[in-house]
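Those sequence lines, one after another, are chains Z and F.
Residues in the first sequence are numbered consecutively from 2, following the numbering used here.
Residues in the second sequence are numbered consecutively from 7, following the numbering used here.
It is worth saying that the hints were derived from the structure and are not from the lab.
Please note that a few of the clues may not be correct.
[Claimed, not checked] Derived coverage of chain Z by chain F (criterion: at least 3 residues anywhere in the stretch with Cβ under 8 angstroms from a Cβ of chain F; other residues may be distant):
no., region
1, 222-230
2, 262-273
3, 290-304
4, 315-324
5, 459-465
6, 525-532
[What the hints assert, rightly or not] Keeping only pairs whose Cα atoms sit at most 16 angstroms apart, straight-line, the calculated EDC-like set for lysine to aspartate or glutamate is:
no., chain 1, residue 1, chain 2, residue 2
7, Z, 520, F, 958
8, F, 658, Z, 313
9, F, 488, F, 348
10, F, 831, F, 854
11, F, 314, Z, 26
12, F, 831, F, 869
[As the list claims (entries may be wrong)] Between beta-carbon pairs, the in silico distance windows are:
no., chain 1, residue 1, chain 2, residue 2, range
13, F, 959, Z, 443, 57 to 65 angstroms
14, Z, 379, F, 868, 36 to 44 angstroms
15, F, 724, Z, 469, 18 to 26 angstroms
16, F, 868, Z, 443, 58 to 66 angstroms
17, Z, 469, F, 616, 36 to 44 angstroms
Nothing here was measured: the structure is a model prediction, and the numbers come from that model.
Every residue gets a Cβ at the ideal spot worked out from N, C-alpha and C, and that includes glycine.
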Amino acid sequence: MKNIAKFIAVGIVFFLSSCSLTDLEGNLDNPNEVGVAALDANLLNNKIQAEFGDFFALATDPSMNLCRMTALIGGDVYERGFNPQDFNDLWSRGYQDVLISIETLLDKTDGNAPFALYSGSNRVLKAYVLLTLVDLFGDVPYSQALKGGSGAANFNPGTDAGRSIYDASIVLLDEAIALLAAAPAIAGSRDVYYGGDKVKWTALANTLKLKAYMNLRLTDTDAAAKVADLLTKDLIDTDAEEFTYRYSSATIPARARHPLYRQMYGTATGDVNGYINNQYMNICYKQKGVEDPRWRYYFYRQVGSIAKAISDEPESIPCLISPYPSHYPAGMAFCAFDPGFFGREHGNADGIPPDGRALTCFGVYPAGGRADLNDGDATYQGLTVAGQGASGAGIEPIWMASFTDFLKAEAALTMPTVGGDAAALIASGISKSIARVNAFGVAKAQAVPANLIADAAAYQAAVATSFAAGSPDDQLNVYAKEFYIALWGNGIEGYNLYRRTEKPGRDDMQPMRGATPGKYIYSLSYPSDFVNLNSSTAQKIPTAVNKVFWDNHGDNLSF
Amino acid sequence: MKRLLTTLALVLAGFGLALAQRTVTGTVTGDGDALIGASVAVKGAGGGARTDTDGNYSVQVPADATTLVFSYTGFATQEVTLGASNIVDVTLKTNTQLDEVVVTALGIKRDKKALGYAATVVSASEIAEKPETDVARALIGRSPGVVITNSSGLAGSGTKIIIRGVSTISGGTQPLWIVDGVPINVSANENNDFSDGNITPTRNLDLDPNNIESISILRGLSATTLYGSQGRNGVILVTTKTATASKKRYTASVSQSFHLIDAFVPEYQNKWGNGFDGDYGEFFSNWGYVFDGNRPPNNPRHPYFEHKGLFPEYPEFTSAAGATPGTAGPYIPQAYPNNVKDFFQTGNSLTTSVNAGVSGDMGSFNVAFNRTGEEGYIANNNLDRTTISIGGIANITKKLVFNANFTYAKTDFESPTVGAGLGSNSNGGPSVFANLFYTPRNINLMGWPYQNPVTGTPLYYRNGGDITNPRWLLENSRQSSKTNRFFSSIGANYSILDWLKIGYNLGIDTYAEDQEYYVNRGASGFPVAVAAFGTGLRRTTSGANTIFDHTIRLSAARNLTDDLDLSANIGVNGRQDTYEQQGVESTNQVVFGLQEHRNFVDHNTRDLRNNQLNFYQRQIWLGAFADATLGYRNYLYLNVQGRNDWTSTHEKENGSLFYPGVSVSFIPTQAFAGLESNTLNFLKLRLGYGTSANFAPPYSTRPTLSLVSGITSDILGTVNALAFSDLLANPDLRPELQKELEAGLEVRMFKNRFGIDLSVYDRTAEDQIVNRPLDPSTGFGNTFINAGTITNKGVELGLSVTPVQMKNFAWNLRANFTKNISLVKELPEGSDEIYIGGFSNLGNFAIEGQPYGVIKGIATVKDANGNAVITSNGDYKQSPEIEIIGDPNPDFMLSGFTDITWKGFTLSGQMDYVHGGDIYSFSAGALVGRGVAKELESFNPTLTVIIPGVLEDGTPNNIQLPASGLFFGNTIIGGGPDDKGIFDATRIRLREVALAYNLPKRFLGKSSVQGVSLSLVANNVWFRAVNTPKSSKVDPDRTAFGTGNGLGFDFLGGPSARRMGATLRVSF
């Protein structure tokens, strides 16, 4: 029996000693991550700022398709232009990365005076995200959102009316302005937008209120008074105040470089993805008879002529043998045009020909690519590849100084009680835009020699002439087209402008490639993650006119 | 010590000494050999003996005893009435199945007739020396209720096993593998998104099929309760040869196999070439100019014209225009009919296997060695495996037995990278197959260069360079793993009393797996988000997985009365799993070709999808279990069992769960005298109720922050960030309980020549632990919650018939039938559906009231009469939201086996049939959509077509489309509705044909050679998914998600393979 006991004892010792099997509770905390107690405001603020930049990038991308800056190629009818899952990243970046992080940070900083700058600046970013979500999608979750982790967890937040989210955003901006007024600097803070300058953050808050009221002007009779009041405040009207996310040329992680740059400056030479809308290039090149001083910064042509593209690869531009679409108005760009511009039509869902070496690419502004320095050499060929130009160290032009002048011009044209000299404001906007774009190219070592840049004065004169000669409707068109050109890279304001003013008009905006494209996309379909994972909502009917709350126009953009 | 034990034995035996006794001796033989260790029992009295190494025994028999009972595993038990003689020699007859012994949970051996649940035994001959090197694939069709799929026909790629349907919405579905009584890890340690790579081996690959003695497949919960939560998906119990004592004193065998491996390559049209709408052009698609010997009207150049300067040895490249290949002149496209076929090679597999063992009074000792070298059907796909096993049983005394079994396995696997292709480049990382299958007919893939001789980067026909040449990827991309594994089972058993034993078993399974994934600089054709693949990428990880498993068990077996016997077990079990991984990913290769981290500019501890490559994970289970079987007169058995688990993955108040089981087995043919006859030999009814648990994955209950150093780099420099993790912690998470009711019937008739083994089951998994993806507007990405109910009901039927049974000729037929009906009964609050796998807009979902895993995607809009609605542009009108477009679950599955034995020859075969189920196939979609499928041969691509359907106003569609507008623009490749990619997955397959010849013993004479056999085997000989386009060779047995929960998708992965060859085996 002694042996048996010994045997059992040895067994039990083996059992208990060979590993800490009984330590069940010691394994609940994830050893790979830091605990909640380690929450650091500066590191959280860094997260918000980086993800906010990406949120803008994801939001501007479909918006540029819709305001016909870049080509919509998902389908030949609007209902097939996008798939709901195309917006999943935008949705999760907005809510799951930016907004929840702002909530977490505000919990920590609100009522904590040394961190007032974070309480203020993050309210501004939160308002921007909310306004953008409403502008793109219409009604979205707000009051029930971000409650996954709270006591009464809500995994199926319902939507709030767009108007109420606008109102809440304006309240947030007002709170931000108050908080920023007395905010001290924060030690160890890193601010890619304004370097911790509370005055600039305040200017941004005022400007965002102006942006919101300009959308509200269609449906809200109080908007004019609010706009008039805001014009007396400090707005973003100098380059130093501009609101941009600034990328770097770092190769890792990939998102460090401008996303438009990554599309068109690939690892393989001439491996270009995506298309610029042909008519947008036409407008920005010399539609007015005089060259736009910005186009060499906006676009980069890989070939000096269409003939060069064809000689390089005969099948690269198959649409050259297609007939000019009968439903296109005269003067509309189609397929490709010399010298060497080649993009795609709005709503051309055809297969992708071997056109990567022929396509016109994003230039230095704002994508951080190359400036177009080809001085009329029709045989020029310079294919894009990663590392060229500013190596992707571009900007997201979220709000440039020129944009404010344009909004002021629109106020003058549309709100008599606000007033102002529209022509002068447009001219100011154009000159700020030209100067900024030029300065950007210079700063990125992509300067265009003076002899290649069109004369800004001649350009201004051409605009002024057509403005002066036009009817009020024409003047609105002139205004909108100049804003549209200055907006390059910012589809969000382009899409808002287009829906708010229905300008530029049909002579300027390229129709869909097919003659019967269905209803225009007046707001984006809901992301599939939202519709499929949240029981409180259903998808919009894509063939219907799904307008956001501030848009009171008829169905005039469905072409 | 020996003396002490002897004394003890004498004392215990002392009670019997008073009675008169005699000694009976003799020899036990069976199958022509002396049987070692056969049991000799005196009926109606205690005591008994075992035969020695020569088959001799000696037993003390009380004067009043009349009968001796001889038994031996694998042979029929035989009773011999004692006469006057003290010498009784017995020859046992080989097993008639009636006394089949089944290894059940915890290695407890049971009479099959006592089992109240289904168990299938697969013998060595069904697994060993097969062309498939992965033992899991050799099990296909062998048991009803078990569905086995694979990720591709590539050597070493993973295998997925589902037993009795999927009972979890998002948890693991793979069964537990137990080798010689201890658990081993069989995961695929995926370090890739399925879009980047889906061929990671499952680690059951480390098992040597030739060292397997038998496999028991336990399917139901009543069979697996004792294994705890790990056994809830079924248990595959492997007994190795090295852990088994041989019947003979010496055994040895050598076998040598050689098999050839061939891919099932699609068939192609060769009538027209690259282009669109009848015009020649360098498109992805093949809707171009007809090969009529003329120059296409748009005067194209040679597809490699832009590379002409690099290759003066190919003068035809220079021609904007060459008349015939090889000369300069107008370029005239011509077909290269074998351009895809020749991409594949005939692979081969060479296996050498040696087993040897001795067995005697003191115990036994066995060694096994196996070496498998396999070259897949494409270049650089190789598998190399060496296993060495040593096992022994030491009978220290008659009461104390030690056993140990050690296996070392070294498995090296490599393959060019295979990711998910959606018919237009890869959806993720580079994939050697993504663009291969629709190579335009006039592209001489195998005859033209694929690499820039100066820079090393890929070359191909697309001018923009946006397709990476598949041949370049063969040479310049790799996914590999190198595994060093050691697993062992060590046990000690002590017989305290005749009927009472205590045993301790320690299992250690540890492996180090070094994985490598790389692509050299210059590849292209990925989504912009993962463009870093193009800069050259190298990812290496080292994972160490360790399982420690301890079990102490007290077991009793005794007759309580003449009629009643009891066998019972009580014990404790502790298991700890740890996995630790270190890894780094480098991008931006400096010098082309060199794959060393130092040759890259950027290094990161996360991969390009931001997944951490370095982490540690530990999980502990403690269990206490008890099990008792009460047998009444050998015809009624009642089994009661239960286990309580404590786990490290739940908060303390939720960390414990008890789960019981009960089953009954009743054998009328033994209960009622006269019922058993030559017509009805055996009848058994069984009923079981079993439960099992499921525990949360580690670290699901406590919130953490997610620290990302270097989340990005902006104009100010590197950004370090901290935020809440996407996972919402749930401190209230409870374990999940699964329940199953199972009933069965076993019948044998007509002198055992006809048999039925039928099971029906009803399994419910309630209040599941679900990884619920959250709408990001909640602020989080996902959380674990208790919710949802899935039921699986099914029928499993095994049939066997022996139509002919003669002295030299026998013909056996067997069939296994499986039907499982899955139903998602209930989902968590507020969610209509939960996304399981694939893409959120095209994937598998759990939806209330639907079978598990239905496929949702964009559907074609139909009018009230079922006609497709056509848009004003002549295309299918598409549903605004995703809808259910398919159900991947088959209606039923049937496997049939036949073997015919004539003298030394055995001809055997296996056919599998799967009825119903759907597959979303990019293989079919891409071959048709890109215009290369053979079915299109008779079609003229320049004609226009009108899609059958009605316009929105209800009138018949009259809008003409170019051929490409229908076949490309309205298929899944060109943006058409997803339901156009759904095919019925009904398939029939000739799984195996084998011819074996055993040399008759008389030819061997008196040499030491005991047997020589030669077998010829062909595996996966032929298959046809009858409702898919024939030429595309769609194989729905492939799964694009590895062991993930998604099913029914084919993303242009590796094709299936046919394997055939021969094995020569000599035993001594």
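Going straight from one Cα to the other, do residue 520/Z and residue 958/F come out at no more than 16 angstroms?
The given pair, whose Cα atoms are some 15 angstroms apart, holds under the 16 angstroms limit.
Given the hinted pair residue 658/F and residue 313/Z, is their alpha-carbon gap at most 16 angstroms?
violated, 71 angstroms
Confirm or reject the coverage of the region 525-532 of chain Z by chain F under the rule of 3 or more residues with a beta carbon closer than 8 angstroms to the chain's beta carbons.
n = 5 at 8 angstroms, threshold three: holds.
C-beta pair residue 868/F, residue 443/Z: status relative to the range 58 to 66 angstroms that was hinted:
holds, 60 angstroms
I want to verify a distance hint. Is the separation of the beta carbons of residue 469/Z and residue 616/F within 36 to 44 angstroms?
This hint is violated: roughly 55 angstroms between Cβ atoms.
Coverage of the region 262-273 of chain Z by chain F, judged on three or more residues with CB within 8 angstroms
holds (count 9)
Check, residue by residue, whether the region 222-230 of chain Z contains three or more positions whose beta-carbon lies closer than 8 angstroms to a beta-carbon of chain F, and give the verdict.
violated (count 0)
For the region 290-304 of chain Z, count the residues whose Cβ lies under 8 angstroms from any Cβ of chain F; is that count three or more?
Our answer is that it is violated, as 0 residues pass the Cβ test (under 8 angstroms) against chain F, missing three.
State, for the Cβ atoms of residue 959/F and residue 443/Z, whether the hinted interval 57 to 65 angstroms holds or is violated.
Holds, since residue 959/F and residue 443/Z (Cβ atoms, about 59 angstroms apart) stay within the stated range.
Against chain F, does the region 315-324 of chain Z show at least 3 residues with beta-carbon separation below 8 angstroms?
With 5 residues close enough to chain F, the hint holds.
Has the hinted range 18 to 26 angstroms been met by the Cβ atoms of residue 724/F and residue 469/Z?
Violated - the Cβ-Cβ distance for residue 724/F and residue 469/Z, about 52 angstroms, lies outside 18 to 26 angstroms.
Please verify whether residue 314/F and residue 26/Z have alpha carbons no more than 16 angstroms apart.
violated, 68 angstroms
The earlier numbered hints that this structure contradicts are 1, 3, 5, 8, 9, 11, 12, 14, 15 and 17.
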